Amino acid sequence: MRASLMAFYRYLLLVLAVALAPAAAAQAQGVSGRANNIAADLVAEHQPVPGETLMAALVFRPAPGWHGYWSNPGDAGLGMRLDWQLPTGWQAGEPLYPVPHRLLIAGLMNHVYEGDYAVLVPLTVPAGGGAGPVTLAAQWLACTDKVCVPEQASLTLRFPDVAPGQNPFDTWRAALPPLIDRTATFEVEGDLLRIAIPLPASMELADPHLFVGQDRVSADRTVAYARPQAFARDGNVVTADIPLKALVLPAGSPLAQFTPPDRIEGILAFGAEGEGIRFMAEPGNVTGGGRPIGVGPGDSAPLWSLLLAALAGGLLLNLMPCVFPILSLKAMTLARAGESAAGAKREALAYTAGVLLACLAIGGLLLVLRAGGEQVGWAFQLQEPGVVAVLTGLAVLITANFLGLFELPALSFAGSGGAPSAFGTGLLAAFVATPCTGPFMAAALGAALLLPPVEAMLLFALLGLGLALPFLLLGFVPALRSRLPKPGKWMDTFRKVLAVPMGLTALALVWLCWRLGGANFALLVLGAALALISAAWSRRKGLRASAFGGLVASGLLAVSAYQSFERPATEAQSVHDTVAFSEAALAREAAQKPVFLYFTADWCLTCKVNESVAIERDEVRDAFRDAGVVVMRGDWTVRDEAITRFLTSHGAAGVPLYLWYDPNREPQQLPQVLTPDMLVELAEGSEG
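With our numbering, letter number 353 in the sequence shown gets 353, and the count goes up by one each step, no holes.
Please keep in mind that the hints were generated in silico from the structure rather than gathered at the bench. Here the structure is a predicted model, which is why all the values come from computation and not from measurement. Among the hints, erroneous ones may be present.
To be verified - Result set (DSSO-like, lysine-lysine): computed pairs, CA atoms no more than 27 Å apart in a straight line:
hint : residue 1 : residue 2
1    : Lys146    : Lys593
2    : Lys541    : Lys608
3    : Lys489    : Lys345
4    : Lys496    : Lys486
5    : Lys593    : Lys541
6    : Lys486    : Lys345
To be verified - Cβ pair distances, simulated, as ranges:
hint : residue 1 : residue 2 : range
7    : Asn664    : Glu616    : 46 to 52 Å
8    : Gln592    : Arg639    : 27 to 33 Å
9    : Asp41     : Asn664    : 33 to 39 Å
10   : Pro470    : Glu684    : 38 to 44 Å
11   : Glu187    : Gln669    : 23 to 29 Å
12   : Leu82     : Pro50     : 34 to 40 Å
13   : Leu405    : Leu357    : 25 to 31 Å
14   : Gln592    : Leu405    : 57 to 63 Å
15   : Leu543    : Thr287    : 57 to 63 Å
16   : Gly555    : Leu357    : 49 to 55 Å
17   : Gly685    : Ala63     : 29 to 35 Å
Note that beta-carbon positions come from the ideal geometry of N, C-alpha and C, so glycine has one too.
Given only the sequences and the hints, what does the whole structure look like? Please build it.
Listed below in structure tokens is the structure:
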């Protein structure tokens with residue numbers, strides 16, 4: 001609750017700072033002999049000229065260890081307050097600030113200036129206007145990383161004589177980010193502020209960060225300054241996704257009455273410190289897409305490196321736990337590869353074609369859905385109960401096929417399967433193997449979600465090629481193929497042995513059906529699959545009436561399963577007292593305590609292995625309790641748009657994703673494969 005009232009407390013702090021500024025300044029002078037910890041001066045660029053604009057500089061010189069603030073100070077701090085006393089007809093314009101930099105303290109992001117800096121203020125001098133002194137009563141906040149002091153000064157505009165070529169205004173003006181000549185657009189989409197900024201494609205953007213001028217951008221959303229921002233570039237447009245957090249204020253508070261802005265302004269900082277541009281944005285549609293840049297997905301990686309990552313990721317996917325459901329299919333294909341050179345090549349090419357077709361189909365559908373506004377990610381197909389039901393039935397049928405109850409021509413892995421069998425195996429291999437992301441895949445698939453369609457599809461193709469590569473090599477490299485055992489009667493026995501892991505896979509899919517649609521849904525899906533087996537067995541025995549009856553029963557059970565679907569309200573069992581993920585909960589907890597945030601799904605075998613090996617352990621629970629670590633869990637078993645957006649903002653196309661937040665450090669993204677002691681060591685480090 002305290003974090004959610006932060007804006008209200010900042011308002012109270014502003015009132016107190018203004019009221020106590022004179023006393024605080026006098027106290028500072030009495031203790032240290034210095035009026036302010038940030039010295040201030042007011043200087044004019046030249047003598048005033050009637051009918052022209054005079055630039056005045058409010059120059060600040062912080063003492064060592066002290067810093068001042070940008071107009072929007074961030075999670076803490078206060079902006080300046082200026083009270084001008086001007087001659088008749090004169091007007092003061094909006095202050096122009098240099099590019100601030102970020103300062104993270106105890107999980108709070110501040111927008112500060114730690115060295116000398118100047119804020120320029122244009123003064124309009126009217127023709128025939130009044131003359132006289134220009135004075136300013138300025139108030140600001142001076143802070144270190146431990147203490148803050150409200151300060152003030154009464155300044156009179158000076159008109160110094162400056163030698164040609166030595167005017168400091170040249171340096172101060174060069175430090176101001178230029179205002180782009182085109183208007184940006186913005187929209188608030190759930191927990192994201194999305195801003196599209198028109199910038200030439202030739203302008204390099206390294207390590208971008210967007211400083212938003214407004215604190216609140218909708219009636220109930222404020223900027224989550226410490227959360228990572230995501231950037232993408234599509235031609236001459238740069239899109240920034242800025243995380244927001246929920247804001248809850250007491251009824252009747254001065255900030256509770258709010259009208260959403262009709263304009264947002266800010267600074268896009270990039271490259272070396274102090275480099276950036278200023279923009280103005282109006283409400284409008286912001287389309288996604290483009291190449292990821294900066295610290296977001298892809299990190300400006302060249303396409304060739306992303307292609308290599310996709311190839312390596314697909315190759316290593318053969319070793320990942322999420323590939324276990326298709327190991328039996330691969331083993332039978334490997335065994336048959338030694339029949340003949342021509343046959344091995346045909347099957348290798350057919351298998352590769354099946355894998356590539358499945359990867360391209362899944363990737364293409366993913367891109368189409370995202371282009372249509374759907375918040376989906378990699379392995380989205382396993383979030384659909386109908387797809388899982390089909391996979392369950394297929395796994396049950398393959399198990400029965402391995403046991404020899406019947407033969408499916410397209411899935412005959414011993415005997416005369418041939419190229420059609422290999423093609424079907426490739427389709428199924430890619431369909432079942434791609435839900436989880438592994439090493440190298442994360443960067444490639446994260447970039448694929450933001451790259452142009454052609455480049456994205458090329459990444460999906462390289463992923464499929466990596467997955468199919470072992471079979472392709474066996475088919476075209478005789479030396480590798482010669483090491484395989486020769487076909488024989490042993491294959492019948494081996495096929496029955498492989499029915500065990502395939503059967504376990506079917507049971508796992510039945511369990512997933514239960515998690516997605518309830519116990520009745522899971523039992524009816526299993527019943528429909530068993531009825532299909534009965535029909536296939538009866539047909540093999542020549543019992544046509546029984547075969548027809550089995551098909552009818554299977555169809556009726558499938559319809560009943562559809563009608564009985566009801567998402568159960570089940571909670572995952574854990575040794576930890578977990579908190580359900582939300583942006584608001586994360587902002588609240590991470591500002592005060594260490595947080596371990598992990599995203600999982602019931603269909604992700606990599607996730608379940610990590611949970612068993614590294615998360616759901618008594619040693620981890622005890623270490624987390626001692627260090628006061630909050631365990632936050634995001635369940636992506638079924639589609640969740642908020643989780644999908646969060647994953648995308650971190651360059652992740654799917655699960656697992658593991659993040660560690662410490663109020664005293666930058667957020668840390670952990671590897672996708674956790675070791676047993678990794679979390680204990682992080683917790684012990686937080687205690688220190």
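These are the hints, each one checked on the structure:
For a cut-off of 27 Å, the pair hint linking Lys146 to Lys593 stands: about 18 Å separates their Cα positions. Of the supplied pair hints, the one linking Lys541 and Lys608 is violated, its CA atoms being roughly 41 Å apart against a limit of 27 Å. For the proposed pair Lys489 and Lys345, the alpha carbon gap of about 23 Å is at most 27 Å, so the pair holds. With a C-alpha separation of about 18 Å, the suggested pair Lys496 and Lys486 falls inside the 27 Å cut-off, and the hint holds.
Restraint check for Lys593 and Lys541: not satisfied, since their Cα atoms lie roughly 67 Å apart, outside the 27 Å limit. Among the hinted pairs, Lys486 with Lys345 is consistent with the structure: their alpha-carbon atoms are about 17 Å apart, no more than 27 Å. A beta carbon spacing of about 27 Å between Asn664 and Glu616 contradicts the range 46 to 52 Å that was offered as a hint. Between Gln592 and Arg639 the beta carbons are some 31 Å apart, a value that agrees with the proposed interval 27 to 33 Å.
For the pair Asp41 and Asn664, the beta carbons lie near 36 Å from each other, so the given range of 33 to 39 Å is met. A hinted range of 38 to 44 Å for the beta carbons of Pro470 and Glu684 is consistent with their spacing of about 41 Å. About 27 Å separates the C-beta atoms of Glu187 and Gln669, a value consistent with the hinted range of 23 to 29 Å. The hint said 34 to 40 Å for the Cβ distance between Leu82 and Pro50, and at roughly 24 Å that hint is violated.
The hinted window of 25 to 31 Å between Leu405 and Leu357 holds, with their beta carbons roughly 29 Å apart. Distance hint check for Gln592 and Leu405: the Cβ-Cβ separation is about 60 Å, which falls inside the suggested range of 57 to 63 Å. Hint check: Leu543 to Thr287, Cβ distance near 59 Å, so the stated range 57 to 63 Å holds. Between Gly555 and Leu357 the C-beta distance comes to about 28 Å, which lies outside the given range of 49 to 55 Å.
For Gly685 and Ala63, the Cβ-Cβ distance of about 33 Å falls inside the hinted range of 29 to 35 Å, so the restraint holds.
Hint compliance for this structure: hints 2, 5, 7, 12 and 16 are broken, all remaining hints hold.
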